[in-house]
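**Q** All chains should be built: construct the whole structure from the sequences, respecting the hints.
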Amino acid sequence: MDWHQLWAILSAPDNIPIVAIAFLVPFYSWLAFRQARANDRLIAQLEADPQLAKTHHRKTYPWKPGWLKEVHTWPYLMRMEFLAALIVTVILTIWSITLNAPLEELSNPNLTMNPAKAPWYFLGLQEMLVYFDPWLAGVVFPTLIIVGLMAIPYIDANPLGSGYYTLKQRKWAIATFCFGFIVLWIVMVFIGTFLRGPGWVLFRFGRTWDPTYQPYAVNRDLPDIFHITSMTGKAIFGALVVGLYFLVMGYLLHRLITRKGFNRKIYERMSLIQYLVMQFFLITMIALPIKIAIRLLFNIKYVWITPWFNV
Amino acid sequence: MGAQTPVTPEKPEQGILPPRVREELNVLREKAKEDLEALKKPEKTQLFKSMFRVKHDESERSRALSVLTNVFFHLHPAKVNRDAVRYSYTWGMGGISFYLFIVLTFTGILLMFYYHPTKGQAYRDIIYLMSDVPFGKLLRNMHRWAAHLMVITVWLHMFRVFLTGSYKKPREFNWCVGVLLLVFTLLLSFTGYLLPDDQLGFWAVTVGTNMARATPLLGAEGPLGPQVGVTPYNDVHFALLGGSIVDSNALLRAYIWHCIAIPVILSILLAVHFWRVRKDGGISGPAPVQLESEMKPERKF
Numbered sequence: 001m002d003w004h005q006l007w008a009i010l011s012a013p014d015n016i017p018i019v020a021i022a023f024l025v026p027f028y029s030w031l032a033f034r035q036a037r038a039n040d041r042l043i044a045q046l047e048a049d050p051q052l053a054k055t056h057h058r059k060t061y062p063w064k065p066g067w068l069k070e071v072h073t074w075p076y077l078m079r080m081e082f083l084a085a086l087i088v089t090v091i092l093t094i095w096s097i098t099l100n101a102p103l104e105e106l107s108n109p110n111l112t113m114n115p116a117k118a119p120w121y122f123l124g125l126q127e128m129l130v131y132f133d134p135w136l137a138g139v140v141f142p143t144l145i146i147v148g149l150m151a152i153p154y155i156d157a158n159p160l161g162s163g164y165y166t167l168k169q170r171k172w173a174i175a176t177f178c179f180g181f182i183v184l185w186i187v188m189v190f191i192g193t194f195l196r197g198p199g200w201v202l203f204r205f206g207r208t209w210d211p212t213y214q215p216y217a218v219n220r221d222l223p224d225i226f227h228i229t230s231m232t233g234k235a236i237f238g239a240l241v242v243g244l245y246f247l248v249m250g251y252l253l254h255r256l257i258t259r260k261g262f263n264r265k266i267y268e269r270m271s272l273i274q275y276l277v278m279q280f281f282l283i284t285m286i287a288l289p290i291k292i293a294i295r296l297l298f299n300i301k302y303v304w305i306t307p308w309f310n311v
Numbered sequence: 312m313g314a315q316t317p318v319t320p321e322k323p324e325q326g327i328l329p330p331r332v333r334e335e336l337n338v339l340r341e342k343a344k345e346d347l348e349a350l351k352k353p354e355k356t357q358l359f360k361s362m363f364r365v366k367h368d369e370s371e372r373s374r375a376l377s378v379l380t381n382v383f384f385h386l387h388p389a390k391v392n393r394d395a396v397r398y399s400y401t402w403g404m405g406g407i408s409f410y411l412f413i414v415l416t417f418t419g420i421l422l423m424f425y426y427h428p429t430k431g432q433a434y435r436d437i438i439y440l441m442s443d444v445p446f447g448k449l450l451r452n453m454h455r456w457a458a459h460l461m462v463i464t465v466w467l468h469m470f471r472v473f474l475t476g477s478y479k480k481p482r483e484f485n486w487c488v489g490v491l492l493l494v495f496t497l498l499l500s501f502t503g504y505l506l507p508d509d510q511l512g513f514w515a516v517t518v519g520t521n522m523a524r525a526t527p528l529l530g531a532e533g534p535l536g537p538q539v540g541v542t543p544y545n546d547v548h549f550a551l552l553g554g555s556i557v558d559s560n561a562l563l564r565a566y567i568w569h570c571i572a573i574p575v576i577l578s579i580l581l582a583v584h585f586w587r588v589r590k591d592g593g594i595s596g597p598a599p600v601q602l603e604s605e606m607k608p609e610r611k612f
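First to last, the protein sequences are chains E and F. Under the working numbering, the first residue of the first sequence carries the number 1, and numbering increases by one thereafter. Under the working numbering, the first residue of the second sequence carries the number 312, and numbering increases by one thereafter.
Just so you know, these hints were derived from the structure itself, not from any lab. Given the structure is predicted, the values throughout are model-derived calculations rather than measurements. The reader is advised that the hints may include incorrect statements.
A short, non-exhaustive set of chain F residues, derived as facing chain E with CB atoms under 8 Å [to be verified]:
(1) A343
(2) R372
(3) A375
(4) F383
(5) H385
(6) K390
(7) S500
(8) A572
(9) M606
(10) E609
Glycine included, each C-beta is placed from N, C-alpha and C at the ideal position.
**A** Shown next, in the form of structure tokens:
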């Protein structure tokens with residue numbers, strides 16, 4: 001364990017946001033899941049007792065008859081906003097006095113930074129560059145992320161859980177989003193910050209970043225394993241493998257989605273196009289960790305090789 | 312000294328001032344007294360009334376009007392759900408993001424006074440800013456850290472909105488506007504990265520924009536790019552940088568995107584976002600829980 005190396009990464013001023021995220025995301029997740037559990041308990045109680053459901057005000061917050069449902073924006077909301085602005089200003093001022101924004105030497109096209117890292121919030125995409133060609137990692141994936149996020153409200157056919165925290169009523173949606181946000185985005189940012197050293201080599205946590213270290217690895221392509229040598233053969237083979245993956249994964253997801261009562265009910269509410277779009281995004285999302293795994297475990301670089309693009 | 316001689320009551324004091332002037336002074340003194348009294352109730356002054364237009368007392372009507380008749384506050388409704396002011400529900404991240412945007416605009420404008428977007432001069436300006444400009448270092452630090460913080464708060468805002476299901480009907484479109492705001496927040500931060508013209512920004516932007524070369528059909532190194540006649544001198548990478556490498560044109564383009572174009576786009580989207588929050592029924596909750604047993608069958612069109 002090279003504590004000095006670890007401290008060098010942790011104390012880099014530009015990495016402070018990442019350290020902050022390490023505390024903020026777990027804290028707010030806890031805050032959300034605590035309220036979700038409380039709501040879930042209330043939902044279970046009301047489902048069991050229809051009589052209570054008719055009279056209860058249906059929130060976990062206390063409420064007494066005669067209390068106003070609404071409060072004046074001035075002062076009750078405005079003072080919160082004012083306080084928030086004040087606290088943020090204090091934090092920012094202290095942060096700005098104690099830590100200087102980094103400034104390296106004058107830009108020099110002849111001297112490459114090693115490692116040359118993107119700003120921290122894009123490290124997830126840079127991490128994807130290891131496993132995918134730039135047209136996928138740098139162009140197609142960001143586009144799919146944006147489009148996929150925008151598609152969420154239109155493919156989520158579950159009417160429950162609108163406007164309150166809950167886990168039970170939206171298990172699938174929350175699991176998928178947390179997988180995307182925390183595993184595929186936040187964790188990748190951490191890997192890019194803490195584990196990627198010179199030459200974008202993967203260093204174990206806390207190991208010295210040795211710029212001369214070259215891990216031994218011979219990458220091969222999937223068609224090579226099957227001794228397919230012709231370009232046409234490789235293109236057809238790859239298309240088949242990718243097509244097969246989509247079919248099999250789609251089938252497995254379909255089985256999973258239509259297995260149980262509530263999911264089945266939601267599935268029946270979906271139109272075909274909603275369902276297909278959701279399947280496409282889910283299958284593509286799951287493909288990322290699979291590609292990472294086959295690269296790290298079997299040193300497989302490309303699955304599908306054509307004269308124009310490789311996947 | 313000797314014993315005090317009793318003061319004999321005199322006739323009205325004969326000062327140096329003639330009586331007419333003394334009369335005037337008395338009037339002035341009375342007026343001054345009145346003004347001082349008026350200062351104790353500033354809300355009664357003409358100045359105050361002209362600024363705030365309505366009376367401010369503790370009545371219900373006055374509280375509502377204080378929000379509705381103020382251009383800066385009128386984005387708010389007059390009243391909000393009593394549980395919606397709980398921090399644990401909203402996390403306040405949307406509002407904090409907006410506040411950080413204001414902080415960034417303010418510090419950004421001040422920074423623009425000291426910055427030339429030209430190769431060579433840009434880096435010198437940053438050195439000058441950090442060493443000679445009063446509070447220059449603080450200004451630059453605050454701009455940088457507020458930008459990082461804004462990325463985090465926007466992410467957390469999206470996380471909260473997802474977890475409370477607040478993107479559901481009728482707020483679908485506003486979620487999409489929010490996604491665009493996220494994208495432009497990241498782009499705003501990314502374009503700012505190049506401006507100090509140091510190694511960090513230069514290589515981050517080089518790495519980042521190199522991706523554009525690989526755009527399918529539009530990039531010289533992307534799938535099917537060369538096949539449709541795209542070269543390194545007419546592809547999307549060239550358009551972003553105004554050249555084939557990160558140089559003076561790229562610096563100017565980053566500067567204009569960062570200081571003018573993206574802030575304008577972002578402000579317009581923000582206006583739409585806030586307006587839709589109101590039109591779609593205010594902030595989403597906390598709403599009463601719905602039960603599965605009461606789920607209505609879906610309406611088909």
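**Q** Does each hint fit the structure? Answer for all of them.
**A** Cross-check of the supplied hints:
1. Proximity of F:A343 to chain E is violated relative to the hint, the smallest CB-CB distance being about 34 Å (cut-off 8 Å).
2. With a cut of 8 Å, the hint placing F:R372 at the interface with chain E is violated, because the nearest CB-to-CB distance is about 11 Å.
3. Annotation: F:A375 was flagged as interfacial toward chain E, and the flag holds, the nearest CB pair being 7 Å apart, inside 8 Å.
4. At its closest, the beta carbon of F:F383 sits 11 Å from a beta carbon of chain E; the interface hint therefore is violated under the 8 Å criterion.
5. Of the supplied interface hints, the one on F:H385 is violated, with its beta-carbon coming no nearer than about 10 Å to a beta-carbon of chain E, more than 8 Å.
6. Annotation: F:K390 was flagged as interfacial toward chain E, and the flag holds, the nearest CB pair being 4 Å apart, inside 8 Å.
7. Interface restraint check: F:S500 against chain E, minimum CB-CB distance 7 Å, threshold 8 Å, status holds.
8. Because the beta carbon of F:A572 sits about 19 Å from the nearest beta carbon in chain E, more than 8 Å, this interface hint is broken.
9. A least Cβ separation of about 6 Å between F:M606 and chain E falls short of the 8 Å threshold, and the interface hint therefore holds.
10. Using the Cβ-Cβ criterion of 8 Å, the hint placing F:E609 at the interface with chain E is satisfied: the shortest such distance is roughly 5 Å.
Consistency note: the structure conflicts with the earlier hints numbered 1, 2, 4, 5 and 8.
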